[in-house]
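Undergrad: Going down the list, the sequences are from chains A and B. Going by our numbering, the first sequence wraps up at 1609, each residue one higher than the last. Going by our numbering, the second sequence wraps up at 365, each residue one higher than the last.
Worth double-checking, as some hints may not be accurate.
Claimed, not checked - Looking from chain B toward chain A, a few residues come up when the C-beta cut is under 7 Å (computed):
id	residue
1	GLN160
2	ALA168
3	TRP170
4	GLU338
5	ASN360
Claimed, not checked - With a straight-line Cα cutoff of 27 Å, these simulated DSSO-like cross-link-like pairs (lysine-lysine) come out:
id	chain 1	residue 1	chain 2	residue 2
6	B	LYS315	B	LYS295
7	B	LYS224	A	LYS1406
8	A	LYS1457	B	LYS54
9	A	LYS1360	B	LYS54
10	A	LYS1406	B	LYS339
11	B	LYS114	A	LYS1403
12	B	LYS54	A	LYS1556
13	A	LYS1507	A	LYS1543
Hints in this document: simulated from the structure, not taken from any laboratory. Given the structure is predicted, the values throughout are model-derived calculations rather than measurements. Yeah, the Cβ is synthetic: ideal placement off N, Cα and C, and Gly gets one too.
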Amino acid sequence: MGLDNSKRGLLMEHYNQLHEIFSGLELNETEEGRFTVTGNLGFTATHDGKTIKDDYDIEIIIPVDYPDNPPTVKETGNRIPRDKDNHVYPTDGTLCLGAPLAVKRTFAQQQNLLWFAREQVVPFLFSHSYNREHGVMPFGALRHGSEGILDYYKELFAVENDLAVLGLLKILADNNYKGHTLCPCNSGQKLRHCHGDLLREIKTYQNEDKFLTEHVGIFTLLNNNGKKQNLREYMPNTVLKSVRKHKRKLNLKKHK
Amino acid sequence: MYTEEQKQQFNKILANIADSLDIPESKYQEAVSRYEAIGKWLDANDSKLHVYKPAIYPQGSFRLGTMVKPINDGDEYDVDLVCHLEINKDNITQAELKKMVGDRLKENETYKKMLEEGRRCWTLDYANEFHMDILPAIPDYEKLNDCILVTDKKLRLWQKSNPKGYARWFADRMRVIFKQRKIALAESIRANVEDIPDYKIRTSLQRSVQILKRHRDIYFDGKDHKPISIIITTLAGHAYQNEADLFEAITNIINDMTDPKNIKDQGGKYYIPNPTNPEENFADKWNEDGNLPKAFLTWLGQLKTDMETAIEQKDLSDIKKLFGPIFGIGVVGTVFEKLEPVEASSKSHPQITFSPKPNKPWAI
């Protein structure tokens, strides 16, 4: 399944904008009607008074639901090792441009290829080159797995407490936003006057299943960290339900 | 203080920003063919509206040439249309008129799926492209001269309007420069002046309005009391004195917009009359909520400071830093990447500026 005609026109327009700046990139269409943008992406950029001028061979893969969802990118010149420490998904070789929600949120600001290349791909490649040369990630990096997701949400929500993240994510995982309830960040304010707007914004970028997965990852992490704390109130409803069901089954078996 | 050279460079930047805020020509053409198709459908021989000689024409910023790109790229351009039917107001109610137009649109399977009803108009939603607002209207026989009466669900009386007259007033405010620009364009492409369509011309008034509106859109993003476009356009039209120079035009517009001869005082009330109909006060809402004029003035003050600070900068990169958050990083980035001096290697390794805090890389 390829893109329909109006989306195709949009993609062409976006590609032309991209090509005007990054002239080494070309648009390709596969036989199945899928689109990729491949070639050499060169850039000059400066951070902290240090200028990096570099270029990478890349492949940008346009998703079938473009521009609702962002593209993915691979580095094809074998300069970036395919491992976690270099922020590459080992399985398919795509670059981990950021926490999944961060990538979607940045893309949602301007759904086009030039914006994607400039705001997401170039900073990633710039960071890689910069780190090679100066031994430091210029804009930082998230830890791996759920720890990194937790880092991201703490920064996004501007909270210090891990449990505040769990509480806010629970609302998204349960798809249960109620503006008049108290905000889980413990500000003492109603949700609608506190993290409400942000929650309502980010729930447009991914569905509750995705938030549930992220929540469960962080929940497991905090549950296993050795600290004695009761996390039951942070369990999403879907999880609670399946736990109850499971218990009921066990009870039935006992009675038999 | 700034040099003449700085001013010329600044003018170029402003003109480029205005141009990249404008609706692209291909999109413009597409919008025209879309609404012409709507017009044909309404006027088809089997249409109940046929006897009333339905006519569709654009109004507002699309007609004036002051369109501004939505802040988010995925969002649709708003195109405002009038659907004019030759019916006497004594023979029809507002509700009947609105329903008649809606019913005919619904007879078309494609339009039916895209149709939404608003307070005043019908909206056809072309995903990823346009929102076409279709405002049902009938002639105002008491006034003639393109005056129309339009529907409004909340108000019992017919609302008076005159979009064609307003567009004529606006065109008249920039008549001198418009003609100059048209001749210059015709000469540069060796064409006849008569063959250049109006939409190809953008005067410093139109561009000033675009820049003002964009600054407003970003300044008021997520905030209340955003000034309405018709107030900005009208005040800018009054203040404009056919300055050819864009920076001069904007500066004078900002300074003169608030002059008491433009924002009038009528018995202690704000009065910004519709230039084609003194009975209509664009500042009606300002008299109900004092925060509106206050927000307008604060915003205008900020715009003035931003312009004054920017013109003083000698380095392109400093203007770029300043303009990024004001006009949008996407638009400003593209403009400056085109303007920055082209070195041998800059084609393959262009100077790229991204947000100061990009996403941090992650791993699963």
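Undergrad: All hints, please: hold or fail.
TA: Quick rundown of the hints versus the structure:
This hint is violated: GLN160 (chain B) has a C-beta 34 Å from the nearest C-beta of chain A, more than the 7 Å allowed. The beta carbon of ALA168 (chain B) comes no nearer than 28 Å to any beta carbon in chain A, farther than 7 Å, and the hint placing it at the interface is violated. For TRP170 (chain B), the shortest C-beta to C-beta distance to chain A is roughly 34 Å, which exceeds 7 Å, and the interface hint is violated. The closest approach between the C-beta of GLU338 (chain B) and any C-beta of chain A is roughly 5 Å, which is under the 7 Å cut-off, so the hint is satisfied.
At a threshold of 7 Å, the smallest CB-CB gap from ASN360 (chain B) to chain A is about 3 Å, leaving the interface hint in force. Taking the CA atoms of LYS315 (chain B) and LYS295 (chain B), the gap is near 33 Å; set against the 27 Å cutoff, the hint is violated. A distance of roughly 40 Å separates the Cα atoms of LYS224 (chain B) and LYS1406 (chain A); the hinted pair therefore is violated under the 27 Å criterion. With a C-alpha separation of about 48 Å, the suggested pair LYS1457 (chain A) and LYS54 (chain B) falls outside the 27 Å cut-off, and the hint is violated.
With a C-alpha separation of about 35 Å, the suggested pairing of LYS1360 (chain A) with LYS54 (chain B) is violated against the 27 Å cut-off. Straight-line distance between C-alpha atoms of LYS1406 (chain A) and LYS339 (chain B) comes to about 18 Å, which keeps the hinted pair within the 27 Å bound. With a CA separation close to 54 Å, the supplied pair LYS114 (chain B) and LYS1403 (chain A) exceeds the 27 Å bound. Restraint check: the Cα-Cα separation between LYS54 (chain B) and LYS1556 (chain A) comes to about 47 Å, which exceeds 27 Å; the hinted pair is violated.
The straight-line distance between the Cα atoms of LYS1507 (chain A) and LYS1543 (chain A) is roughly 19 Å, inside the 27 Å bound, and the hint therefore holds.
In summary, the structure is inconsistent with hints 1, 2, 3, 6, 7, 8, 9, 11 and 12 from the numbered list given earlier, while agreeing with the others.
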